[in-house]
Structures are given as structure tokens and as C-alpha cells.
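Listed in order, the protein sequences are those of chains A and B. Oh and the first sequence: position 66 is 65 in numbering that gives the first Met the number 0, straight run, nothing missing. Oh and the second sequence: position 17 is 16 in numbering that gives the first Met the number 0, straight run, nothing missing.
Hints were generated in silico from the structure; no laboratory data involved. Only a predicted model underlies this, so the values are computations on that prediction, with no experimental measurement involved. A portion of the hints provided could be inaccurate.
One copy or any two copies: either way a pair holds, since identical chains are not told apart in the list.
As the list claims (entries may be wrong) - Lysine-lysine pairs mimicking DSS-like chemistry, simulated, CA-CA at most 30 Å apart:
{"hint": "1", "residue 1": "K88", "residue 2": "K120"}
{"hint": "2", "residue 1": "K68", "residue 2": "K88"}
{"hint": "3", "residue 1": "K68", "residue 2": "K123"}
{"hint": "4", "residue 1": "K43", "residue 2": "K82"}
{"hint": "5", "residue 1": "K82", "residue 2": "K120"}
Protein chains: 2
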Amino acid sequence: MIELDFEKTGGLIPAIVQDAASGQILMLAYMNQAAFEKTLETKKATYYSRSRDMLWTKGETSGHAQHVKEIRVDCDLDTVVLKVEQAGKGACHKGYKSCFYRAVYGDELKIADPQVFDPEKVYK
Amino acid sequence: MIELDFEKTGGLIPAIVQDAASGQILMLAYMNQAAFEKTLETKKATYYSRSRDMLWTKGETSGHAQHVKEIRVDCDLDTVVLKVEQAGKGACHKGYKSCFYRAVYGDELKIADPQVFDPEKVYK
Numbered sequence: 000m001i002e003l004d005f006e007k008t009g010g011l012i013p014a015i016v017q018d019a020a021s022g023q024i025l026m027l028a029y030m031n032q033a034a035f036e037k038t039l040e041t042k043k044a045t046y047y048s049r050s051r052d053m054l055w056t057k058g059e060t061s062g063h064a065q066h067v068k069e070i071r072v073d074c075d076l077d078t079v080v081l082k083v084e085q086a087g088k089g090a091c092h093k094g095y096k097s098c099f100y101r102a103v104y105g106d107e108l109k110i111a112d113p114q115v116f117d118p119e120k121v122y123k
Numbered sequence: 000m001i002e003l004d005f006e007k008t009g010g011l012i013p014a015i016v017q018d019a020a021s022g023q024i025l026m027l028a029y030m031n032q033a034a035f036e037k038t039l040e041t042k043k044a045t046y047y048s049r050s051r052d053m054l055w056t057k058g059e060t061s062g063h064a065q066h067v068k069e070i071r072v073d074c075d076l077d078t079v080v081l082k083v084e085q086a087g088k089g090a091c092h093k094g095y096k097s098c099f100y101r102a103v104y105g106d107e108l109k110i111a112d113p114q115v116f117d118p119e120k121v122y123k
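Just chain A, same shape as in the assembly:
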């Protein structure tokens, strides 16, 4: 039984999602104990949605599921890394491979990655 420290952060821990092949960081989401256990059981990344107050399995709407190849846990037992195979063209609901598609240039943000799909066709 793996015991993570969900208490310290009020029940939710951050899950960093990394492309297993390229190492690119795709997104960050949150997990409660139930989301973590469902992810372990199904090998499909499942998170806790703070805005919808419910579990969500990535890809339910978009088809862009994340197949979990490896899970790493940090020294404080309060953050995880999921190394995943990302289905579809990207993880971000804005149409990018990664949610981190903007970079800091001086005192502004600029888009640094190409958009790879039309979010209006995927998230209906």
C-alpha cells in the first residue's frame, strides 16, 4: 500500500504530467486519494477537478487519454510525476501539445509552440 501525504495540502496533491518518450512536460493537474487509486488501477490518468468538484479521466471528452507508463513520487510524498503516452495530438484544451506553450520573454509572455489541433473541433 502506497501512502501519500494528501493531508498536508488539504486533500489534493499536484501531479506533473510528462511525455514518457520526449520528456516534455504536458500539464499539471491535481489528484485526491481516489484519483490516485483509480490511476494505479486503470493506468489511465485520472485527476480531481477543482472547478467541477469531481474525478475526471483525461480524454473522456477529447479522446486525448493519457496512458500511464511510470509513476514517480517525491521525497515529501506530496507530489507525483506521471510519465504518459499522450493519445491524440496534444494535452492542452487550447489546442497545444503542452499546456506550457507560452514562454517568458523579458516582461511579456509569447507563444513558443505551434498549435497542433483546433480545440473547437475536439471540445464540443
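Use these hints to put chain B onto chain A, whose structure you have.
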């Protein structure tokens, strides 16, 4: 001026720290507005310590500073990725390159990376 959404999460946002050269995820820490601005200004990763309730620049005690090469920001403006050059042998206060040195194997955690320094000699 870059405006991140510190309010949604009560003043602190997660900062994922990634080795700029290898793509390895080194750690996760938290930033408030002041930590983010100090990091932008100095290019040395500076975080907010929840346990000590103060800003801390990584490496002050250990010498293991993080020189920031690039900052990425996510679609919701509430998480950042720092791509860094990690000084010294590692980022983790337990003596590993990465805080994520343990992996899930079945229903237990196992150490998956080599220890690269003696933490008792570095954190005195």
C-alpha cells in the same frame, strides 16, 4: 508586465523545475508573486517556503543553486515550468539528482535512481 493568477490558489502557484539539458524533472516548489519577480530579476530560482513562511533562493545552504534558462507558463496562468541549470550534484535534500527518485512498483515504492551526494555533508 506578466500577470499570473496567484489568487485562485490562495497566493501560491506550483513551479515545476526541469533540468534544461536532460529534461529530467528535478522538483516542485511554490512561488508567490515576490518569489516569481525575484526569479525573473536574478535568474536564480527563488521560491516561497510554506514551512518557514519566507522566500528562499535554492542553493543558499547547499550551494545547489538553479540558474534559470527559460520560464514557461501554462494556459491557466497558475503554474510555471522553470528550465534550469542545476549547480552541484543534485536538487534533492535527500542526496538525489531529483526529488522524484522513487517509482511505483505494484503496490509499493522503490528507489529508482542512485544517490549522488551525502546530504549530511551538504545540509549542515
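Structure-based check of each hint:
Proximity of K88 to K120 under the C-alpha cut-off of 30 Å is restricted to the intra-copy arrangement: shortest distance 13 Å within a copy versus 46 Å between copies. For the identical chains of this complex, K68 and K88 are neighbours both inside a copy (18 Å) and across copies (27 Å), given an alpha-carbon limit of 30 Å. With identical chains, the CA atoms of K68 and K123 are at most 30 Å apart within one copy only, with a shortest distance of 29 Å there and 37 Å across copies. Proximity of K43 to K82 under the C-alpha cut-off of 30 Å is found in both arrangements, the shortest distances being 11 Å within a copy and 27 Å between copies.
In the homo-oligomer, the alpha carbons of K82 and K120 lie at most 30 Å apart inside one protomer (27 Å), although the nearest pairing across protomers, at 32 Å, exceeds that limit.
Hint check: no violations occur; every hint is consistent with the structure.
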